[in-house]
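Trainee: As you go down the protein sequences, you meet chains A and B in turn. For the first sequence, the tail end lands on 338 under the working numbering, and the numbers increase by one without skipping. For the second sequence, the tail end lands on 307 under the working numbering, and the numbers increase by one without skipping.
Since the hints were made in silico from the structure, they are not lab data. Some hints here could point you the wrong way.
[To be verified] Estimated spans, in silico, between C-beta atoms of each pair:
1) ASP50(A) / ASN255(B): 36 to 44 Å
2) GLY2(B) / LEU73(A): 54 to 62 Å
3) THR135(B) / LEU73(A): 25 to 33 Å
4) GLN97(A) / LEU138(B): 50 to 58 Å
5) ASP60(B) / GLN297(A): 20 to 28 Å
6) LEU138(B) / LEU72(A): 17 to 25 Å
7) LEU72(A) / VAL233(B): 53 to 61 Å
[As the list claims (entries may be wrong)] One side only, chain A facing chain B, incomplete, derived with CB under 10 Å:
8) LEU47
9) TRP48
10) GLY49
11) ALA51
12) TRP52
13) LEU55
14) VAL154
15) LEU158
16) ILE161
17) ILE269
18) PRO304
19) MET319
Heads up, the beta-carbon is just placed ideally off N, CA and C, and yes, glycines get one too.
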Amino acid sequence: MSEPTTSQRHRSDEGRDPHQREEEVEVGATALAAPDVDEADEKQTSLWGDAWRELRRKPFFWIGGVLAVFFLLMAIFPSLFARGADPRACSLSNSAQPPSGAHWFGYDQLGCDYLAQVVYGARNSLQIGFTGVIGLLVVGVVVGALAGYFGGWVDSLLARITDIFYALPLILGALILLRVGPEARIFGEPVPVISERGPGAIAIALVFFGWMTAMRLVRSQVIAIKSSDYVAAARALGAGPLRILVRHILPNAVAPVIVYATITVGALIAAEAALTYLGVGLQRPNYSWGLQISDGQNLLRTAPHLVLIPSVVLSLTVMAFVMMGDALRDALDPRQRS
Amino acid sequence: MGRYVARRLLLTIPVLIGASFLIFAMVYALPGDPIRALAGDRPLPASVQAALRAEYNLDDPLLVQYGKYVAGLLQGDFGTDFSGRPVLQTITERLPVTATLTGVAIVFEIVIGIAAGVLAGLRRGSFFDNLVLVTTTLLVSIPVLVLGFVSQYVLGVRLQVVPVAGIGEGLYSYLLPGFILAAISLAYVARLTRTSLADSLRADYVRTARAKGLDRRTVVVRHTLRNSLIPVVTFIGADIGSLLGGAIITESVFNIPGLGRAVFDSVTRQEGAVIVGIITLLVFFFIFFNLVVDVLYAVLDPRIRYE
């Protein structure tokens, strides 16, 4: 039994991110699920077809999906959800009033309609979640595919670099980068995006310290797939490395990456709130749930709704993506099927 | 095994150097003048400023500064912050706090996580199993920030059963923060235990043991648990390293003066030596506990051999 040995050793090599370990288990499963394939396309649709049939029966997937669509719509069309209130129309006489029939979420300390404030916060959160995940997938897939496909010294070098980033705690690293960012100069010029303290800077900081899990996932998938017969066949037909990677290997490595990406959208949204709470993320006049939680903290005893409402909304958003990711993982894992 | 450990130890060196250099370079990029900031309203004489800048190597290029820093580290010298206080002193004060917090968190992971996982794994599909599934989903989904605030409000402010913040009441004040810090990992321990146990219960040797006439309890306790806990033990081992470095939010919410807070405060004051020193230490712990786990694997599972 040599196979479990290697997969177990792989798993123990990672540490921090609990999501990742489960992903690694996934790796073995999907690699086995894609055996000697002649018609790669047909096999794939059937993998996704099976997964969809499985997904449709999972309540977690529907709850998560409905929540995610709800918050997505809120991020794109906030004015539809704010019940006609303008987040910038504030009156101090309403300061920290509790929720009422006319103003469902009450008012914040500055007397702004809290429902509008919370609704307008969705856009920044989801934007950071999605751009962050796209960014770390791009870095992770490129670095992971190169390391896995070419092996040898390329792999050793890239794996060491990944180890370095992997050992750095995400929030601490992003904290330093975001604190340094606005003042940093490269050749005497402020760094674009990073210096602006907006959603873009936060997404970049999260990508910079968060791409490693995606890289390891892709790398191990590529290593598992590259020795399969159909890759050898493609190579024999004269396909170059780029074509083999893009057309033959990556499409088969996509399942665990999708699971990971879905859950990570939620994780990054939570990380944004944490960084903003620590004071290095979004600043006023941006709307952010993290900002609302940290502002409301001082009024926790007198106006607990100021902390509780954005907390619940933030948690529901994160939960939407975690639930969908969990359901996807189960659906894409052939061992779970009876 | 000895050679494997030696090789892994050697591989930690480039990671330590790379990680500390990365942090060092980021802090170096700060353009402000910490010496002038230190002096406040009354500017220091130029000669004093120059002497201080020389003492902290502030005029050297990045690589030279870093080289001098590493040379100091190798002799056990973590440097001093700008008020002349040794960084090592800050670390020895703060490390026990974060270590205690992590220790409490790990105990929660072991006790609650494994117990819930075992009970759920033994009765798959039961009410309790579904309860564990839903609870772990909630624990994973609710951000530490939110979980911290809400529990602080309910248990500390409203019910007043635990201290609201600080570490004034000894180990007791670590109870709630420890649980919050453990929350996400706890959920994973429970799920991992559940799947792992359910998998081993389907194994052939379990059927053999049952066929032999052993009762279910003996089979579970003597044959299955030990095997199915291997991945759980290693998960928890590696988690020690991550929790040490991941406690900053918990420490901030509950106002606990640990290593994460120290980094946070030092970032605001541009105390490069403190930031780099602490993060290098955290990276070392992270690598160390992962190495321990890999060695532990071979001890727990005799099928695994490191050549």
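Trainee: Each hint: holds or not?
Mentor: Each hint tested on the structure:
1. ASP50(A) / ASN255(B): 36 to 44 Å: violated, 51 Å
2. GLY2(B) / LEU73(A): 54 to 62 Å: holds, 60 Å
3. THR135(B) / LEU73(A): 25 to 33 Å: Given a distance of about 29 Å, which is inside 25 to 33 Å, the answer is holds.
4. GLN97(A) / LEU138(B): 50 to 58 Å: violated, 30 Å
5. ASP60(B) / GLN297(A): 20 to 28 Å: Taking Cβ atoms as reference, ASP60(B) and GLN297(A) lie about 42 Å apart, which means the hint is violated.
6. LEU138(B) / LEU72(A): 17 to 25 Å: holds, 22 Å
7. LEU72(A) / VAL233(B): 53 to 61 Å: For VAL233(B) against LEU72(A), whose Cβ atoms are near 40 Å apart, the range 53 to 61 Å is violated.
8. LEU47: violated, 22 Å
9. TRP48: violated, 24 Å
10. GLY49: violated, 25 Å
11. ALA51: violated, 19 Å
12. TRP52: violated, 22 Å
13. LEU55: violated, 16 Å
14. VAL154: violated, 16 Å
15. LEU158: Violated: closest Cβ of chain B sits about 13 Å from LEU158(A), beyond 10 Å.
16. ILE161: Holds: closest Cβ of chain B sits about 7 Å from ILE161(A), inside 10 Å.
17. ILE269: holds, 8 Å
18. PRO304: Because about 6 Å separates PRO304(A) from the closest Cβ in chain B, which is inside the 10 Å limit, the hint holds.
19. MET319: Holds: closest Cβ of chain B sits about 4 Å from MET319(A), inside 10 Å.
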